[in-house]
Amino acid sequence: MTPPSTTAMVPGRLITTIQGAHVSLITHALFLIHPYLVNDCGLPLKDVLFLLSTCKYFSLVRLKHISKMKLNIELGSPLIRTVLQGLGPNVKSAFLDNAFWIESVVARVPNLDTYVYRDYEYKPLFSDTEHIGDFLRSFLSHHSCSQDVIHFVILKRLDIRSADCHVPWELLVNLEQLKCDVVCFTPDCQPPKLRDLEVIACNEDFSDIRCCRSLRNLKVNVVTVICPVRNYAVDGLGEFPLLEHLNVYDWNLMNLKSIGYIESLRFLEVESEYATNLSTLSNLQHLKELNLILPNAIDISPLKSLTSLSNLFFVSHKHLDLSPLQHLINLKCLGLNQTVQHDLTVLAALVNLREIDLSEALKLNSIQFVAGMMQLETLILTQSVISNLTPLKNCSQLKVLKLEETAISDISTLKYLPQLEILMLRSTMVSDLSALEALTTLVELDKTELEMATHESAPPTPSEGSYANISHPNQAPFKLWYKQFGTGPTKLLFVMGMNTTHRSWCYQYTYFSSLPEYTCLVFDNRGVGFSDAPPGPYTTPLMALDTLSLLTHVGWTEGVHVVGSSMGGMILQELVLAAPDGLVASLTLTSTNAGKVMPPFGSILGIPKLMFTKDMRAKKVGVVALNYSREWLGQESVDVKGKSNQEVRVDALMEDPEQSVDAANAQFSAALKHYVSKERLKGIVDKKVPVLVVTGTNDQLVNPSNSKYLAKVLEAKVYREFEGAGHLVNVECSQEYNATLKSFIEGL
1 MTPPSTTAMV
11 PGRLITTIQG
21 AHVSLITHAL
31 FLIHPYLVND
41 CGLPLKDVLF
51 LLSTCKYFSL
61 VRLKHISKMK
71 LNIELGSPLI
81 RTVLQGLGPN
91 VKSAFLDNAF
101 WIESVVARVP
111 NLDTYVYRDY
121 EYKPLFSDTE
131 HIGDFLRSFL
141 SHHSCSQDVI
151 HFVILKRLDI
161 RSADCHVPWE
171 LLVNLEQLKC
181 DVVCFTPDCQ
191 PPKLRDLEVI
201 ACNEDFSDIR
211 CCRSLRNLKV
221 NVVTVICPVR
231 NYAVDGLGEF
241 PLLEHLNVYD
251 WNLMNLKSIG
261 YIESLRFLEV
271 ESEYATNLST
281 LSNLQHLKEL
291 NLILPNAIDI
301 SPLKSLTSLS
311 NLFFVSHKHL
321 DLSPLQHLIN
331 LKCLGLNQTV
341 QHDLTVLAAL
351 VNLREIDLSE
361 ALKLNSIQFV
371 AGMMQLETLI
381 LTQSVISNLT
391 PLKNCSQLKV
401 LKLEETAISD
411 ISTLKYLPQL
421 EILMLRSTMV
431 SDLSALEALT
441 TLVELDKTEL
451 EMATHESAPP
461 TPSEGSYANI
471 SHPNQAPFKL
481 WYKQFGTGPT
491 KLLFVMGMNT
501 THRSWCYQYT
511 YFSSLPEYTC
521 LVFDNRGVGF
531 SDAPPGPYTT
541 PLMALDTLSL
551 LTHVGWTEGV
561 HVVGSSMGGM
571 ILQELVLAAP
581 DGLVASLTLT
591 STNAGKVMPP
601 FGSILGIPKL
611 MFTKDMRAKK
621 VGVVALNYSR
631 EWLGQESVDV
641 KGKSNQEVRV
651 DALMEDPEQS
661 VDAANAQFSA
671 ALKHYVSKER
681 LKGIVDKKVP
691 VLVVTGTNDQ
701 LVNPSNSKYL
711 AKVLEAKVYR
721 EFEGAGHLVN
731 VECSQEYNAT
741 LKSFIEGL
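Using UniProt numbering, the letters of the sequence shown map in sequence onto residues 1 to 748.
One or more of the hints may lead you astray.
As the list claims (entries may be wrong) - With a straight-line cut-off of 20 Å between C-alpha atoms, the simulated SDA-like cross-links for lysine to any residue are: (1) LYS682 with LYS717; (2) LYS742 with GLY488; (3) LYS219 with ASN291; (4) LYS688 with LEU577; (5) LYS678 with ALA297; (6) LYS179 with THR224.
To be verified - Listed next, with one range per pair, are the computed distances between beta-carbon atoms: (7) SER323 with THR413: 25 to 35 Å; (8) GLY465 with LYS304: 35 to 45 Å; (9) GLN397 with SER466: 54 to 64 Å; (10) GLN368 with PRO535: 23 to 33 Å; (11) PRO535 with PRO489: 32 to 42 Å; (12) SER514 with PRO535: 32 to 42 Å; (13) LYS304 with VAL443: 32 to 42 Å; (14) LYS483 with LYS641: 21 to 31 Å; (15) SER637 with SER366: 50 to 60 Å; (16) THR390 with LYS717: 50 to 60 Å; (17) GLU263 with CYS189: 21 to 31 Å.
Hints are computed from structural coordinates only; laboratory data are not their basis. Backbone N, C-alpha and C fix where the C-beta goes; we use that ideal spot for every residue, glycine too.
Take these sequences, add in the hints, and give me the full structure.
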């Protein structure tokens, strides 16, 4: 190991003594702490780690204060002594005990907080298989040194997985940002400067986090009952005095009591299928932005006291009394997506609103309530049933108007909107566009599909495969393309997801059809691949009937093992419920959900953007990026030498028949509107259909927590997570996926 240099110190510059050393760290003392010198300094390693965590540089400013101590230091090594004597004229030879060292050095460093380690790089230091607590305890007990541990101590940002409950958090005195599975802080064991925390799960009362009083931002995937309340977390410590931002993506409790105590909150986002009681939210008087996705909320009266609110996004599938919202006079942005209200007249008092989002308001009859909102700048009515825009005449400040997939046919009112900059008319019934001539400020216009009188039909029949004629009451017949592989007695049906062809099952039907006991059936859903694209709307129950008709067509009337991915899994939930007894032998759900859940942020932004991407290869690149993990895409393909997985997957998608915009939107709408309640899921359990649930932990399209929910409610025989895998886990981890599916079926 390279010894420290004896370069003389230059005024105003950092000492270069250890620039060539293995670890560039220096303490507040008059000697350099280097990994191979730790045993010489006479300090317990825990004290050394503390000192290392609070500094990196050594300058004349510190030397000025410390050299006045006229200390004599003896560390046992002539080389060290020579180095130290070259740093300051008052250094002679003596011995510092541990206590004197800590008290003397730290006490004489002015503005200690300005000497913290600030030059860092964000990086996960340990893999999922390593348990940091065990590692550090072993490290500390043997008094050995490790560059990784020193880096661990001085980091400001850390992504640490599968940590046990005994991580010495108190050593991380500079830690400000932490991502972790779970944490278990105590008053004596916590990062004192932690500001941002993101965990997968925490206790219902936040008792495992509440000791960390420096927190400002907290993100939690699941809040549930994990362990009993600990007394120290309740008595005398109060509630997160600095916490301003709280995001909870799955609140597994009936009430939000614990949140109501965090009065410092400025931003709150909560998603919960179970929460119905909002009473404690009335305590949050400083709240500025509130996002609530609570399908079963029945009373929003507590919100009327939140007069400081400027942004409110609220999703509920219940018919509610919205009159409490009249009191939110400072509200600037209001989102009531998927509202089931027929009338929003009570909102007319909110004259200060700048933005309103009523996407998927399928029962709202009128927007008359906006007539007096002179300051309104953005109105989103996408996929609503609104057909009359007359109330917008007075909204002269309107800049953004989104009307995609609505029944709007008359846009003459738009001539009264001189400030309009963005107008979305895709898939509307508008035929007269003359009103657009008056919109001189318009910078973005989408009128896709306005002129299309008929829907695109499917491409010519491929050289292999067959068609099944599908017919349902009150619908025109159409054709589904399908193909069988193998001749064995065990029947496997594969159902693919949204806007994706049967070819994404290639690793499955190729493998299983090579085994003598299996026969595989794959097909393209309506609106994709080689199948017809009948007019929308599409729904998952309707597509389940398509699949049942196909099974009847091929003569598969019993003992079918059905396997679905993403929207394919949604279709199969409906199929099992509609199927006659004995038809379904087992159900495999991959990367899917039961509906009425908020998609991950990446899909919310990514999917709509891809729909409007005109460059076909760029669109396919975007689709691939959403469906697979970045790490896997960067690896070399095992199928095509010299190409990455990303290149191979993009090339494969380019070979698929082009999908019409109408069909893509119809499938997207079917996936968004899919919902099978907990009670209906229990119907699958009652049918005694064995269930396998599979997910990747890095799914950007369907949150993996949805798979955990399905596995729990459906009493899955097998639940399997593929660590780090993306949405199409059957492709990314094809061998492991096939082995899991084969083991599941053969174990029945």
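Structure-based check of each hint:
no. : hint                           : result
1   : LYS682 with LYS717             : holds (15 Å)
2   : LYS742 with GLY488             : holds (14 Å)
3   : LYS219 with ASN291             : holds (14 Å)
4   : LYS688 with LEU577             : holds (11 Å)
5   : LYS678 with ALA297             : holds (16 Å)
6   : LYS179 with THR224             : holds (19 Å)
7   : SER323 with THR413: 25 to 35 Å : holds (28 Å)
8   : GLY465 with LYS304: 35 to 45 Å : violated (60 Å)
9   : GLN397 with SER466: 54 to 64 Å : holds (58 Å)
10  : GLN368 with PRO535: 23 to 33 Å : holds (31 Å)
11  : PRO535 with PRO489: 32 to 42 Å : holds (39 Å)
12  : SER514 with PRO535: 32 to 42 Å : holds (40 Å)
13  : LYS304 with VAL443: 32 to 42 Å : holds (39 Å)
14  : LYS483 with LYS641: 21 to 31 Å : holds (28 Å)
15  : SER637 with SER366: 50 to 60 Å : holds (55 Å)
16  : THR390 with LYS717: 50 to 60 Å : holds (57 Å)
17  : GLU263 with CYS189: 21 to 31 Å : holds (26 Å)
In the structure shown, a violation is registered for the earlier hint numbered 8 alone.
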